[in-house]
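**Student:** Input sequences plus hints: build the corresponding full structure.
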Amino acid sequence: MGLFRKKKRIPTFTREQALACTPVRNNVVSWKRVDSVGIQVEYVLMLKPFFASILERFNPAPSEAPTRKLQLDDFGSQVWEMLDGSRTTADLIKEFAAGHEISAQEAEQSITLFLRELGKRGLIALR
Amino acid sequence: MEKTIPFQKTIGWNGLSLAIPASWDTIVRDDRHLIFEQELRPVLELRWELPSSNSYGPTQGERIIAQLQKEAGRTLIPADPPRSLIGFTPDYHIQCFNPPSSSTGECALLTCITCGAPILLKFYSDFYHQVVTDPKIIGSLTCWHAKGTDSQWAVHDISFRLPQGFSLDSHSFRFGLSSLSFSTRTSQLTLCRLAPASEHLKRNSFQELFASFSKSDPEQIEIIDEHTLQYTGVPGIGARLIGRLGRRKLFVVARFKHISQHDRIIGFRLESSQPIQPDTVQTIQDSYGIIQEEKTDSHIHP
Numbered sequence: 001m002g003l004f005r006k007k008k009r010i011p012t013f014t015r016e017q018a019l020a021c022t023p024v025r026n027n028v029v030s031w032k033r034v035d036s037v038g039i040q041v042e043y044v045l046m047l048k049p050f051f052a053s054i055l056e057r058f059n060p061a062p063s064e065a066p067t068r069k070l071q072l073d074d075f076g077s078q079v080w081e082m083l084d085g086s087r088t089t090a091d092l093i094k095e096f097a098a099g100h101e102i103s104a105q106e107a108e109q110s111i112t113l114f115l116r117e118l119g120k121r122g123l124i125a126l127r
Numbered sequence: 001m002e003k004t005i006p007f008q009k010t011i012g013w014n015g016l017s018l019a020i021p022a023s024w025d026t027i028v029r030d031d032r033h034l035i036f037e038q039e040l041r042p043v044l045e046l047r048w049e050l051p052s053s054n055s056y057g058p059t060q061g062e063r064i065i066a067q068l069q070k071e072a073g074r075t076l077i078p079a080d081p082p083r084s085l086i087g088f089t090p091d092y093h094i095q096c097f098n099p100p101s102s103s104t105g106e107c108a109l110l111t112c113i114t115c116g117a118p119i120l121l122k123f124y125s126d127f128y129h130q131v132v133t134d135p136k137i138i139g140s141l142t143c144w145h146a147k148g149t150d151s152q153w154a155v156h157d158i159s160f161r162l163p164q165g166f167s168l169d170s171h172s173f174r175f176g177l178s179s180l181s182f183s184t185r186t187s188q189l190t191l192c193r194l195a196p197a198s199e200h201l202k203r204n205s206f207q208e209l210f211a212s213f214s215k216s217d218p219e220q221i222e223i224i225d226e227h228t229l230q231y232t233g234v235p236g237i238g239a240r241l242i243g244r245l246g247r248r249k250l251f252v253v254a255r256f257k258h259i260s261q262h263d264r265i266i267g268f269r270l271e272s273s274q275p276i277q278p279d280t281v282q283t284i285q286d287s288y289g290i291i292q293e294e295k296t297d298s299h300i301h302p
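Going down the list, the protein sequences come from chains D and R.
Every letter in the first sequence is one number past the one before it in my numbering, and letter 39, counting from 1, is 39.
Every letter in the second sequence is one number past the one before it in my numbering, and letter 183, counting from 1, is 183.
Be aware that one or more of the hints could be misleading.
Dumping the calculated EDC-like pairs for lysine to aspartate or glutamate here, alpha-carbon to alpha-carbon at most 16 Å [claimed, not checked]: (1) D:32 x D:81; (2) D:94 x R:39; (3) R:257 x R:226; (4) D:94 x D:16; (5) R:202 x D:73; (6) R:257 x R:279; (7) D:94 x R:37; (8) D:32 x D:73; (9) R:202 x D:74; (10) R:202 x R:263; (11) D:120 x D:42; (12) D:32 x D:91.
Derived by calculation from the structure, the hints in this document are not laboratory data.
As the structure is a computational prediction, the values presented were derived from the model and not from experiment.
**Tutor:** Here's what the structure looks like:
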């Protein structure tokens, strides 16, 4: 009875908590710098069980899990390289704002959006 | 002895202006809601409303206090105004309250005696004494609503003088592209700032960027100098008549300027359904620029 199941409460972060977190790259994810293009990240596609079962039906013995490549632009590559586990989100924002001479508001908006996108794909975790 | 804080920048936003230390960052939360931060920690919050002409029912100030009490879940206890606010007495009616939440040191409601606009100030506890004891920060607060002149805007690294009659429609401070949009009954003004310009110019030429911004034919673009482009669109008499029926804004003046020393491109587009006054264009053109920020240590310490 999925319809009447109690909705899971999603834990919410305050802004202060989110800024104090340290984003770290997922060790399972492989990445390399492609000259003149930026960083290319390759990650295993996380399929929902329904789609995984369909895939299994067409390809019963897959040799390897499906992967996807993500090409980051210059700014994305810079931030990706900064995700070494030594900087908090606040440090990333400050460094990025200072490096590009932009306001903290612009830096915060772009960095948090970027981290959220990486998080959705399972490429980073917050410590 | 009190330590005074060096002031390097003035913030002007939607009818209010204020001098703040250079180390503070301005966060534009809403059309009339600013938060000032230092090292990503909030220092001071400002919220205000446009003066209302409605004389019935509770005043704007009373409604704000009621809302604060609702948020706090209890009655707010009036407090003595801090020293920095006492100098304000001739211009503002002042009401101060104890903390409505744990993160806030104190809040004060100023009501402009001239125009009646209510301004709510929230002082954050970590920096409360530093902000409140220095009269320069709050003392520089100016309400432009009743001045009846062009208003001065300065936010992040852009500043300009907005001709009278325009009101803020929307704003966006995305990375790489900041834009502000204003309107009057007949005109629409859009200001933009591209940063860093070098990154944008890697992908598109200066002319291409301008053609896309001004919505003009590249052949009609006028090259003022190496770093400045302009487009002026004046419709013919036939187009003017047809445009009038659809209330289309066919008169256009757009300008783009590459400020290489700051690695910025700034531009504006003014569209109107009526012929554009040269004074309006001149005011925007002359005043719109990048603020040169001085790098000095002006941190305040909690």
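**Student:** Looking at the structure, which of the earlier hints fail to hold?
**Tutor:** 6 and 12
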